[in-house]
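Engineer: So the sequence lines, in the order shown, correspond to chains A and B.
Take the first sequence: its letter number 270 is residue 270 in this note's numbering, and every next letter is one higher.
Take the second sequence: its letter number 134 is residue 134 in this note's numbering, and every next letter is one higher.
One or more hints might be untrue.
[Claimed, not checked] Computed list of lysine to any residue pairs in SDA-like fashion (alpha-carbon distance at most 20 Å, straight line):
1) Lys-43(A) / Ala-116(B)
2) Lys-282(B) / His-306(A)
3) Lys-18(B) / Arg-32(A)
4) Lys-211(A) / Leu-238(B)
5) Lys-151(B) / Leu-244(A)
6) Lys-117(A) / Lys-151(B)
7) Lys-282(B) / Arg-206(A)
8) Lys-211(A) / Gly-247(B)
9) Lys-47(A) / Arg-32(A)
10) Lys-299(A) / Ala-303(B)
11) Lys-282(B) / Ser-167(A)
12) Lys-125(A) / Thr-83(B)
13) Lys-126(A) / Thr-83(B)
14) Lys-211(A) / Asp-257(B)
15) Lys-293(B) / Tyr-315(A)
16) Lys-116(A) / Gln-210(B)
17) Lys-313(A) / Asp-78(B)
18) Lys-151(B) / Ser-265(A)
19) Lys-211(A) / Thr-244(B)
20) Lys-47(A) / Pro-62(A)
21) Lys-282(B) / Tyr-315(A)
22) Lys-126(A) / Asp-78(B)
23) Lys-282(B) / Ile-169(A)
24) Lys-211(A) / Gln-210(B)
25) Lys-43(B) / Ser-265(A)
26) Lys-40(A) / Ser-88(B)
27) Lys-126(A) / Glu-85(B)
28) Lys-248(B) / Val-145(A)
29) Lys-125(A) / Glu-85(B)
[As the list claims (entries may be wrong)] From the derived model, a few chain A residues whose C-beta atoms are all more than 12 Å from chain B:
30) Leu-21
31) Glu-46
32) Gly-77
33) Phe-160
34) Ser-199
35) Pro-297
[To be verified] Derived DEER-like restraints, expressed as beta-carbon distance ranges:
36) Met-187(A) / Lys-205(B): 51 to 61 Å
37) Tyr-256(A) / Asp-281(B): 43 to 53 Å
38) Thr-216(A) / Arg-188(B): 41 to 51 Å
39) Asp-164(A) / Thr-215(B): 20 to 30 Å
40) Glu-46(A) / Pro-204(B): 14 to 24 Å
Keep in mind that the hints were calculated from the coordinates and are not lab data.
None of these values were measured; they are calculated from a predicted model.
In this text, a Cβ means the ideal position worked out from N, Cα and C, and glycines have one as well.
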Amino acid sequence: MAMRKSRRGPRGAAERVEGLLVMLPWLISRKRVKLSDMAKQFKLSEKELMNDLMMAAMCGVPPYTPDALIDVFVDEGEVVAEVPLMFSRPLQLNSAELFALQAMGSAALAMPGADKKGPLASALKKLQPLLPKGDAVVEVDVRAVEYLAEAQHAVATGQFVAIDYFSPITGTHSSRTIFPRAVFEQMGHWYVRADDDQSGEIRNFRIDRIKQFTPTGKTTAPIIEGIEAEVDFFGTDLETATLLVRPAALRLVETYPYISREPQSDGSVRIELAVGSQQWLGRLLLRGGDAIDVLEPVKWVDLGKHTAQAVLKRYS
Amino acid sequence: MINLLALLVQRTKPLTLKQIRQELVGQYPESDTAARAAFERDKGDLRALGIPIELITLGGDQAGEGAYRVDRKSFELDDLGLTDEERSALQFAMATVRVGASHGDEALWKLGGERALNAQSTSLNIQLDDELMSTLADGVVEHRTLKFLYKGEMRNVDPYGLLARAGFWYLVGFDQLRADRRTFRVDRIEGEILVGDRGSFSRPKDFDLQKAVPTEAELLAEGHGDDAVATVLVDASLAGGVRTQFGKQSVIKEHLDGSVEFAIPCANLTAFRVWLFAMVDKATVIGPPRVRKQVVTWLTEQAGGR
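Let the hints inform the model, and build the full structure from the sequences given.
Structural biologist: Rendered as structure tokens:
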């Protein structure tokens, strides 16, 4: 078995060549591209791009007559390329690229409101022959929730919206007016990121906890705030708890991000978690039952017991 | 390396290393040993990029000598006939669905598209890093057996597919250690993954990736409990979520205060407990009596302390 090479670290010669073999066909299909735009597109600094282009300009086929060189140069801030025929076609898609296209394409197609017979569907169909015959090797399960489409529309049109929001931490409802900036899915839940009139802050609201979603009629220019990566809901100033989790509850506890995880010799695992609220931890302990013990802090050692006592009252 | 590629692509006849060195003057060291080593390195790097270099054994005057050639059809992407509209749709999909890895961008460039640089109003995050995606994709696309440590045991797995669900990636495949089909949460794979040879296995024709990983609702029904369905009264504040999860057909009765009675699968009592207690004191099991009694027993045991 062969070990896969890491894709991290400084760019080596092979990586630069690989980049050129992707960039050159892309460039020749456009003929002229602004240097700054091309650098941004390929996530390079302008200096890195210039160095790569200079490397390309020094390449060609013997006897190195002008027509056998890669004619690439920068003219008034634009990259211009006349490339030999051999580099005018892109490289074939590798497994990871095919996989990414299938994963991202099928997920986008499964999102609410997606046109199932539109250009994305037909593009994916054209890619299908590149995959092993009959294989659906990757799928993304996208679950819609009520008000998702309305939230997307509110972001796109700059609407202020009145919502009734349920907080499971406090067990209370609140009425707020929000100005949505983005809609995103993370850890299986949909959120709307919005200016919140009640706190005066930008907050993330779980859409399945919104009970009413009513446009106020007030609109302004949309402010679209893309979510570039996973949102850190925990921050740095949250309390932590150390749990001893036996195998029966591992599947449950490991659903949540953890700070540290230390397997024990008896099959249990010592896990340190960030705790959003006491109510949240109480709920986790109730769900895990006798398969979870709180080791630290001491104040939460009996939290599962107290939570169970509170729920038991409903059955009296 | 580009010069070597250009040369082998342009020449119609295979070239020996000696001829390559004569053509690419100054590109390889003077010493035969060093030149061979440098050439092998370039060859390996090109192969790693998906550019196969064919070795031909010559005949005639050069009988037995090895010569090299590259068939451009073996590494160039055929024109898939994508329209501008389809490229834009792929671009939008790549920008909306964020996997963290850069393979999507690279694929888009090869298809002649551009990655979106402006902020998107909607995004879906299913993070998977570059290296991991590359390794797992090689496994599932090229049918290579994967070897990795999982829950303290070394597994040899024939990977059938990958499913992203509720924020996690799941690898489904045939676990040779257990001699059965198994599902592995990708973020729980320990250490590095070793990749076997291409075409190491065949995927069963009846394999269904979506069905291979049960949803929470399906998990609740997979068990041997005495009762298959429980009636659960859910407060108005959480009833909407339960209705979305189990569908309208699960609703038994809607109360005036907004609370709703649902019919929920409970054959798997352990999974049922996890699901029920996620609502803490906002849900109560009404029946059947055996299930209600079990819930009360759980609560009593936990309330009594351990």
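Engineer: Could you run down the list of hints and mark each one as holding or not?
Structural biologist: Against the structure, the hints come out as follows:
no.: 1; hint: Lys-43(A) / Ala-116(B); in the structure: holds (12 Å)
no.: 2; hint: Lys-282(B) / His-306(A); in the structure: holds (16 Å)
no.: 3; hint: Lys-18(B) / Arg-32(A); in the structure: violated (39 Å)
no.: 4; hint: Lys-211(A) / Leu-238(B); in the structure: holds (9 Å)
no.: 5; hint: Lys-151(B) / Leu-244(A); in the structure: holds (16 Å)
no.: 6; hint: Lys-117(A) / Lys-151(B); in the structure: violated (43 Å)
no.: 7; hint: Lys-282(B) / Arg-206(A); in the structure: holds (18 Å)
no.: 8; hint: Lys-211(A) / Gly-247(B); in the structure: holds (17 Å)
no.: 9; hint: Lys-47(A) / Arg-32(A); in the structure: holds (18 Å)
no.: 10; hint: Lys-299(A) / Ala-303(B); in the structure: holds (16 Å)
no.: 11; hint: Lys-282(B) / Ser-167(A); in the structure: holds (12 Å)
no.: 12; hint: Lys-125(A) / Thr-83(B); in the structure: holds (13 Å)
no.: 13; hint: Lys-126(A) / Thr-83(B); in the structure: holds (11 Å)
no.: 14; hint: Lys-211(A) / Asp-257(B); in the structure: holds (14 Å)
no.: 15; hint: Lys-293(B) / Tyr-315(A); in the structure: holds (10 Å)
no.: 16; hint: Lys-116(A) / Gln-210(B); in the structure: holds (19 Å)
no.: 17; hint: Lys-313(A) / Asp-78(B); in the structure: violated (68 Å)
no.: 18; hint: Lys-151(B) / Ser-265(A); in the structure: holds (12 Å)
no.: 19; hint: Lys-211(A) / Thr-244(B); in the structure: holds (13 Å)
no.: 20; hint: Lys-47(A) / Pro-62(A); in the structure: violated (28 Å)
no.: 21; hint: Lys-282(B) / Tyr-315(A); in the structure: holds (12 Å)
no.: 22; hint: Lys-126(A) / Asp-78(B); in the structure: holds (11 Å)
no.: 23; hint: Lys-282(B) / Ile-169(A); in the structure: holds (12 Å)
no.: 24; hint: Lys-211(A) / Gln-210(B); in the structure: violated (30 Å)
no.: 25; hint: Lys-43(B) / Ser-265(A); in the structure: violated (48 Å)
no.: 26; hint: Lys-40(A) / Ser-88(B); in the structure: holds (18 Å)
no.: 27; hint: Lys-126(A) / Glu-85(B); in the structure: holds (13 Å)
no.: 28; hint: Lys-248(B) / Val-145(A); in the structure: holds (14 Å)
no.: 29; hint: Lys-125(A) / Glu-85(B); in the structure: holds (14 Å)
no.: 30; hint: Leu-21; in the structure: violated (7 Å)
no.: 31; hint: Glu-46; in the structure: holds (15 Å)
no.: 32; hint: Gly-77; in the structure: holds (18 Å)
no.: 33; hint: Phe-160; in the structure: holds (16 Å)
no.: 34; hint: Ser-199; in the structure: holds (20 Å)
no.: 35; hint: Pro-297; in the structure: holds (18 Å)
no.: 36; hint: Met-187(A) / Lys-205(B): 51 to 61 Å; in the structure: violated (34 Å)
no.: 37; hint: Tyr-256(A) / Asp-281(B): 43 to 53 Å; in the structure: violated (21 Å)
no.: 38; hint: Thr-216(A) / Arg-188(B): 41 to 51 Å; in the structure: holds (45 Å)
no.: 39; hint: Asp-164(A) / Thr-215(B): 20 to 30 Å; in the structure: holds (28 Å)
no.: 40; hint: Glu-46(A) / Pro-204(B): 14 to 24 Å; in the structure: violated (51 Å)
Checked against the numbered hints listed earlier, the structure breaks hints 3, 6, 17, 20, 24, 25, 30, 36, 37 and 40; every other hint is satisfied.
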